[in-house]
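> We have chain A; now place chain B onto it with these hints.
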Amino acid sequence: MSERTGMNTLRNLLLASIVIPSTLLGLTYGLHPGIGDGTSIRFANSMLTSFTMISFLLLLTLFVYGDARKRPLAPFLGMLLCGVFGTALTLFFLSQGDLLMEDNGSVRAQALSNVIRFSTTVIACVVAAVIVFGMLFASLMHTPPARLEFEEE
Amino acid sequence: MEHCVQVQGILYKSFPIALVMEESFQAFLLFWLAGLAIIVGLMLGFFSKHGTTRRFGMVFMALGTLSILATPWTLTFSPSSAFGHFLGSILGPSVLLGVGLYNIAFSGHVPVGRLSEGDRRAGFAMVLIAMLWFEGMHWWVLTPTYPDEINRYWLIFWPTLLLVTASLSFVVYYIVKIVGDERNQEQRLLLTLFAFTSLLVMLALLRDGPNVETTQFAEEFWLAGADVFGLMVGATLAILLFAVVLAVYETQQPLPKQLDPPTNQQLVEAAKHIAKHVGEVSEDE
Numbered sequence: 001m002s003e004r005t006g007m008n009t010l011r012n013l014l015l016a017s018i019v020i021p022s023t024l025l026g027l028t029y030g031l032h033p034g035i036g037d038g039t040s041i042r043f044a045n046s047m048l049t050s051f052t053m054i055s056f057l058l059l060l061t062l063f064v065y066g067d068a069r070k071r072p073l074a075p076f077l078g079m080l081l082c083g084v085f086g087t088a089l090t091l092f093f094l095s096q097g098d099l100l101m102e103d104n105g106s107v108r109a110q111a112l113s114n115v116i117r118f119s120t121t122v123i124a125c126v127v128a129a130v131i132v133f134g135m136l137f138a139s140l141m142h143t144p145p146a147r148l149e150f151e152e153e
Numbered sequence: 001m002e003h004c005v006q007v008q009g010i011l012y013k014s015f016p017i018a019l020v021m022e023e024s025f026q027a028f029l030l031f032w033l034a035g036l037a038i039i040v041g042l043m044l045g046f047f048s049k050h051g052t053t054r055r056f057g058m059v060f061m062a063l064g065t066l067s068i069l070a071t072p073w074t075l076t077f078s079p080s081s082a083f084g085h086f087l088g089s090i091l092g093p094s095v096l097l098g099v100g101l102y103n104i105a106f107s108g109h110v111p112v113g114r115l116s117e118g119d120r121r122a123g124f125a126m127v128l129i130a131m132l133w134f135e136g137m138h139w140w141v142l143t144p145t146y147p148d149e150i151n152r153y154w155l156i157f158w159p160t161l162l163l164v165t166a167s168l169s170f171v172v173y174y175i176v177k178i179v180g181d182e183r184n185q186e187q188r189l190l191l192t193l194f195a196f197t198s199l200l201v202m203l204a205l206l207r208d209g210p211n212v213e214t215t216q217f218a219e220e221f222w223l224a225g226a227d228v229f230g231l232m233v234g235a236t237l238a239i240l241l242f243a244v245v246l247a248v249y250e251t252q253q254p255l256p257k258q259l260d261p262p263t264n265q266q267l268v269e270a271a272k273h274i275a276k277h278v279g280e281v282s283e284d285e
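So the sequences go chain by chain: A and B.
Just so you know, we're using my numbering here: the first sequence kicks off at 1 and counts up by one.
Just so you know, we're using my numbering here: the second sequence kicks off at 1 and counts up by one.
Calculated from the structure, these hints are not laboratory results.
Each hint should be verified, as a subset may be incorrect.
As the list claims (entries may be wrong) - According to the in silico footprint, chain B covers these stretches of chain A (three or more CB under 8 Å from chain B):
#1 7 to 18
#2 25 to 32
#3 74 to 87
#4 129 to 136
Claimed, not checked - To give an idea of the chain B side of the interface with chain A (calculated C-beta under 10 Å), a few residues:
#5 W32
#6 I39
#7 A105
#8 S107
#9 W140
#10 L162
#11 I175
#12 L189
#13 F229
#14 G230
#15 L231
Predicted model, so just to flag it, every value in this text is computed and none were measured.
C-beta: ideal position from N, C-alpha, C; glycine also.
Next comes chain A alone, as it looks inside the complex (with noise of 0.2 Å):
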């Protein structure tokens, strides 16, 4: 595959990842016009909250780095400071009136249910993805193995 295809493959690919959810948005908004309050306020959450999560998540992943590379403390901080920084700046935005409130009487708990408001999207994502990938290699499993022909000489 020559990189200019490779180029095109990978626009199309990223092109129907957010053709499709934003389609169904998109009819999701013309049926119901009236939806969309706190739109900003909930993708804001939804990304500090992510963002912090997943560098905890990733700060975690370093202990099996370490094992392999004896055991660095540089990334390590590193990537602490990244996810103190998203909790810093969450804590932050939260605490400023109702920038980023949504329906909770405190910072700890807005920041406590965007903590479970990722966790539910997180098992969302991970059922879907098991659907997908379930039926797929269920379907690949069932397709008898191709066989090799040679031609006679």
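Positioned in the frame of chain A, the structure of chain B alone reads:
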């Protein structure tokens, strides 16, 4: 979080001492610490090189999961217990789905440990029941209700599941189309899944369920979109920073120590050894 005036919770009922009287302490121990145990257990269970540590991780994860599943009974006062109730509600169909797909897959053309035809039929039945169960949670009386209203985490989960399944099935269809060779059956299956989930979304947007109205579903579906896009952006940023941190660390490492070139005496010695084992020709030849 809101708390009742009267202290409640299983720890207080069992050990009414000063420390466990705090409801927030009970919530921390039985919910948040349990959640941390699941994550740490998962990492240890999957990534540790030692068998004992892996088993320890799995036990840790199981205990954490059980603690969260038990929160509707142990942390009745806490709003977080709704998440435990939600997890318990989707556990049945999710396990059926996973085991069913496993049975179907491994009853196919597997060289070793192939499952029987009966397992395959059981797998199909499990997947069908799981699908109907999930559908019954939206379109019938099986909707998770806690304590006396629709569980809010179910309202987040269901639209997100439909949105991600529809998008993922289409993306995977496209990948199979590019990469796969004579994979028409897989492409048809993925397109069918995409059409099915899109149809479910449209139905939920157009028709009220017995417990969830179209407007509420539309609102939650829209917010699920914000959630998923936010998650993708946040995760991408975290992974990029992770890559930068590792790359910076690796580039700052000193080069490995270079050996001195061999001396003449070492070269002569090496040549002697090589000739003895490889290049020597016997006189008989």
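> So, for every hint listed, does it hold in this structure?
Structure-based check of each hint:
1. 7 to 18: holds (count 5)
2. 25 to 32: holds (count 6)
3. 74 to 87: It holds: at least three residues are needed, and the region 74 to 87 of chain A offers 6 whose Cβ sits within less than 8 Å of chain B.
4. 129 to 136: With 8 residues closer than 8 Å to chain B, the region 129 to 136 of chain A meets the three-residue bar; holds.
5. W32: Holds, because the Cβ-Cβ distance from W32 (chain B) to chain A comes to roughly 8 Å (cut-off 10 Å).
6. I39: holds, 7 Å
7. A105: With Cβ-Cβ at 4 Å, under 10 Å, it holds.
8. S107: With Cβ-Cβ at 8 Å, under 10 Å, it holds.
9. W140: Cβ of W140 (chain B) sits 19 Å from chain A, so the hint is violated.
10. L162: holds, 8 Å
11. I175: holds, 7 Å
12. L189: Constraint on L189 (chain B) satisfied, holds at 5 Å.
13. F229: This interface hint holds because 6 Å falls under the 10 Å limit.
14. G230: Holds, because the Cβ-Cβ distance from G230 (chain B) to chain A comes to roughly 3 Å (cut-off 10 Å).
15. L231: holds, 4 Å
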